[in-house]
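Chains as they are written, first to last, in our numbering: chain B, 1 to 550; chain W, 1 to 85.
One or more hints might be untrue.
Stated by the list, open to error - Coverage of chain W stretches by chain B, computed from C-beta distances (three or more under 8 Å per stretch; other residues unrestricted):
1. 14-28
2. 70-81
To be verified - The calculated SDA-like cross-link candidates involving lysine to any residue, where the alpha carbons are at most 25 Å apart (straight line), are:
3. K533(B) <-> E244(B)
4. K248(B) <-> M238(B)
5. K24(W) <-> I417(B)
6. K409(B) <-> T7(W)
7. K84(W) <-> Q327(B)
8. K63(B) <-> K236(B)
9. K24(W) <-> L80(B)
10. K44(B) <-> K24(W)
11. K317(B) <-> T9(W)
12. K409(B) <-> A25(W)
13. K84(W) <-> A324(B)
14. K24(W) <-> D246(B)
15. K3(B) <-> E153(B)
16. K236(B) <-> D246(B)
17. K131(B) <-> A54(W)
18. K317(B) <-> M123(B)
19. K317(B) <-> A25(W)
If you're looking for bench data, these hints aren't it; they were derived computationally from the structure. Here a beta-carbon is modelled for each residue, glycine too, at the ideal position from N, C-alpha and C.
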Amino acid sequence: MNKYNGKSVFKGIAIGKISVYKKGEQLVKRTRIEDTQAEIKRYKDAVSEATRQLQDLYDKALKEVGEANAAIFEIHQMMLEDDGYEESVVNIIESQNMNAEYAVATTGDNFSQMFAAMDDEYMRGRAADVKDISERLITILSGKSQSGVSADEPVIVVALDLAPSETVQMDKEKVLSFVTVEGSLNSHTAILARTMSIPSLIGTNMPLDDTVDGKLGIVDGENGCIYVDPDEETIKIMTKKKEEDDNKKLLLQKLKGKENVTLDGQKVKLYANIGNIKDLALVLQNDASGIGLFRSEFIYLDKDDYPTEEEQFTIYKTVVETMAGKQVIIRTLDIGADKQCDYFNMDKEANPALGYRAIRICLTRPEVFKTQLRALFRASAFGNLAIMYPMITSTWEVEEIKRIEQEVKDELTKENIPFGNPQSGIMIETPAAVIISRALAKMVDFFSIGTNDLTQYTLAIDRQNPKLDKFYDAHHPAILEMIRMVVENAHKEGIWAGICGELGADTELTRDFLAMGVDELSVSPGSVLPIRKIIVETDVKEYIKNSGAK
Amino acid sequence: MKQFNYTITDPEGIHARPAGELVKAAKEFESKITLEKDGKSGDCKKIFTIMALAVKNGNEVTITCEGPDEDAAAAKMQEFMKEKM
Chain B
1 MNKYNGKSVF KGIAIGKISV YKKGEQLVKR TRIEDTQAEI KRYKDAVSEA
51 TRQLQDLYDK ALKEVGEANA AIFEIHQMML EDDGYEESVV NIIESQNMNA
101 EYAVATTGDN FSQMFAAMDD EYMRGRAADV KDISERLITI LSGKSQSGVS
151 ADEPVIVVAL DLAPSETVQM DKEKVLSFVT VEGSLNSHTA ILARTMSIPS
201 LIGTNMPLDD TVDGKLGIVD GENGCIYVDP DEETIKIMTK KKEEDDNKKL
251 LLQKLKGKEN VTLDGQKVKL YANIGNIKDL ALVLQNDASG IGLFRSEFIY
301 LDKDDYPTEE EQFTIYKTVV ETMAGKQVII RTLDIGADKQ CDYFNMDKEA
351 NPALGYRAIR ICLTRPEVFK TQLRALFRAS AFGNLAIMYP MITSTWEVEE
401 IKRIEQEVKD ELTKENIPFG NPQSGIMIET PAAVIISRAL AKMVDFFSIG
451 TNDLTQYTLA IDRQNPKLDK FYDAHHPAIL EMIRMVVENA HKEGIWAGIC
501 GELGADTELT RDFLAMGVDE LSVSPGSVLP IRKIIVETDV KEYIKNSGAK
Chain W
1 MKQFNYTITD PEGIHARPAG ELVKAAKEFE SKITLEKDGK SGDCKKIFTI
51 MALAVKNGNE VTITCEGPDE DAAAAKMQEF MKEKM
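Using the sequences plus the hints, can you model the full thing?
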C-alpha cells in the first residue's frame, strides 16, 4: 500500500480503480502542402467544428456547474474567433506551404508563450487556455476523437493536470474522483470538482506510471490523501466511512430542489448563514434558497486597515451575482465585544458585551458606516440584496440609519453611480427591541431574530462561562415567548420575520417556529437540508392541535 | 472620431471574462474600436490583443471609436466600462 498526500478540493470518499489520464499526445507532423487554399479551408472547417464543440461544452457546463464556470468555454470560442490567431495560422500556411496542424501548433505555442511571459500571474494562467484551444483544433484536424476516459467502470482519474474542457467533457458517470499532481485551489478544475461534488485532490505528489495505473485506489477527501493498493484494514475502514457518507448524501439528494413547504401548504424561506465568500459553494451545494445572514465582519477582520469601498463593492457584487437573483441579506459591520479590529483603536471596556459595538460604532463613526453603505447600495444594482442592521435598541437609531441611507443614495445619484432598491431590515437581538417591535416594524422591511445575543441579554448569562451551564436554558420559555411576540408584531405591520441565530437550526424547535408563523429560518449551510426534511414532513395545523401550541 | 478616457476600477483589471465581454460589446458595432494603454493600443474586437495589454486596476485607458456608428459605439463602450470595469 502506498499513501500520497494532496490538498483536498472536495470532501468525500471514492473507492475504485485508478485510471491515469494522459493527454492525447499531439505529435504534429510537419508536411508540405501545395493547395494552400484547400488547407485554409480545412482550418476554417476545424474552427467551425471546434466552436460547435465548445458550444456543446458551454451548454453542458451551464447545466452542470453554472454560468460562472461555463463562461470559460465562451471565452475559448472568442479566442478561436480572434483575427490575430487566424492571421497567424493562415500566414504560416500560405507563406511556408505548411499543413494546418503545424500552423495551428506553431501559432498556439507562440500565443501561449506570449501569455506565459507576462508579469501577471492571472494572465500567465491563460497560456493553458490557448494550448487548450490549439489542441482541440489539432485533434479535429487530425481526425481523432477527443481523448478521454474510456473505462467500462467508474474510475479515479489521476492526471498531471486537467484543462477545464477535459474535466467537463468527461462522462460524470465514469468519474469517481479527480486527483492531479499540479493545480491550485482556485484552478478551474478545483472549482468544477467542487461544484460537481466529486471528492478530489490537487497538488498530489504521486507517480503517474504503472505502479498506479489500474490499481485499486481510495481517495479520502476528508484527510486529503489517496491510498494506492490499500490493505484489508484500510479498505474496511474507508468502506464503512463511505457508506455513512452515501447515506447522508442520499437523504440530501432526495431533499434537494424541493420547495420548503409544509404538508398543509405553509411556505418558509430557508436561507443560509455565511461568514466568508468561500462559503458560497456550500450555500449552493446545500440548496439554500438565499443567504439570510452574510456576516460582513470578515472583510474588516482580515485586514490591517479599513477596507475601501471598491474592495467591499467587489465582494458584495460577487455574492449577489453568484446567488443569481436569490435574496442575499448582508449584515453591516458587527464588531466589538469578542470581535476586535486593531485599526479601529477602540478603548478597553469593562463590559464589552454591553458596550461599544455594532451599530453603535457605525452611528458614531459615520465615515466608516457610509463607506460600507455605498458599497452595499452599489452592489444592490447587481442582484437581490438586502441590508440588515445589528444591535438595535431604539427607534431613533433606525431613524438615524434611514437618514444616512438617504444621504448615501443622494450622493450616488449625484455622482451618476447606479444602485438598486435594497430591502432594509434590522436584527432583533436585544430585549428592548423585542418589547418595541411593533413600533420598529413600522419602520423597516423585515426582522431577523438573533437568538444568540437575545438569549444572553434576556437570561443575563454569559455563555462563555461554564459555571453558568446549569442556569442556561436555550429553550427558556421567555425566549420562545419573545420570538412569538416579534413574529406577531411583524405580521401586524405587514413585514416578515425570520430567525438567524443558532436556535433557528435547532431541529427540536422547527415545528414550534412553524406554528408561530416564522417566515424565514437562516441556518448554517450544513443544516439546510436536515431542516427542510422536518418542514416537508410537518403538518402545522395538526401539530398545533396535538401540542396545544398557540 | 469619438474618444474618451476611463480609469479601471475593477480590482482584477481586464482579465479574461471582462475581456470577452468587451469583445462581445465591441463586435456589435461596425466602427473600429481601439483601446490604448501607455502608448500601446489594441483592437477591441480581438480578445488576445486586449488580454495582451494586461490592463490593471487603476490604469487609465483611452477608447477610440471611428466609423459610421461611432456615436452609438462610444456611448455603449462608455456605459460598458462604467458598469463592468
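Taking the hints in turn, this is what the structure says about them:
1. 14-28: The restraint on the segment 14-28 of chain W holds, since 7 of its residues have a Cβ under 8 Å from chain B and three suffice.
2. 70-81: With 0 residues close enough to chain B, the hint is violated.
3. K533(B) <-> E244(B): 18 Å, holds
4. K248(B) <-> M238(B): 15 Å, holds
5. K24(W) <-> I417(B): The hint holds at about 23 Å.
6. K409(B) <-> T7(W): At roughly 23 Å apart (the allowed maximum being 25 Å), T7(W) and K409(B) satisfy the hint.
7. K84(W) <-> Q327(B): Distance of about 22 Å is within 25 Å: holds.
8. K63(B) <-> K236(B): 36 Å, violated
9. K24(W) <-> L80(B): 13 Å, holds
10. K44(B) <-> K24(W): 21 Å, holds
11. K317(B) <-> T9(W): Roughly 14 Å between the alpha carbons, so the hint for K317(B) and T9(W) holds.
12. K409(B) <-> A25(W): Roughly 29 Å separates the two Cα atoms, so the pair is violated.
13. K84(W) <-> A324(B): 17 Å, holds
14. K24(W) <-> D246(B): 44 Å, violated
15. K3(B) <-> E153(B): 23 Å, holds
16. K236(B) <-> D246(B): Measuring from Cα to Cα gives roughly 15 Å; hence the hint holds.
17. K131(B) <-> A54(W): With a Cα-Cα distance of about 19 Å, the restraint between K131(B) and A54(W) holds, given a limit of 25 Å.
18. K317(B) <-> M123(B): OK: K317(B) and M123(B) at ~23 Å, within 25 Å.
19. K317(B) <-> A25(W): Given pair K317(B), A25(W) holds - Cα atoms ~21 Å apart, limit 25 Å.
Hints 2, 8, 12 and 14, counting from the list given before, are not met by this structure.
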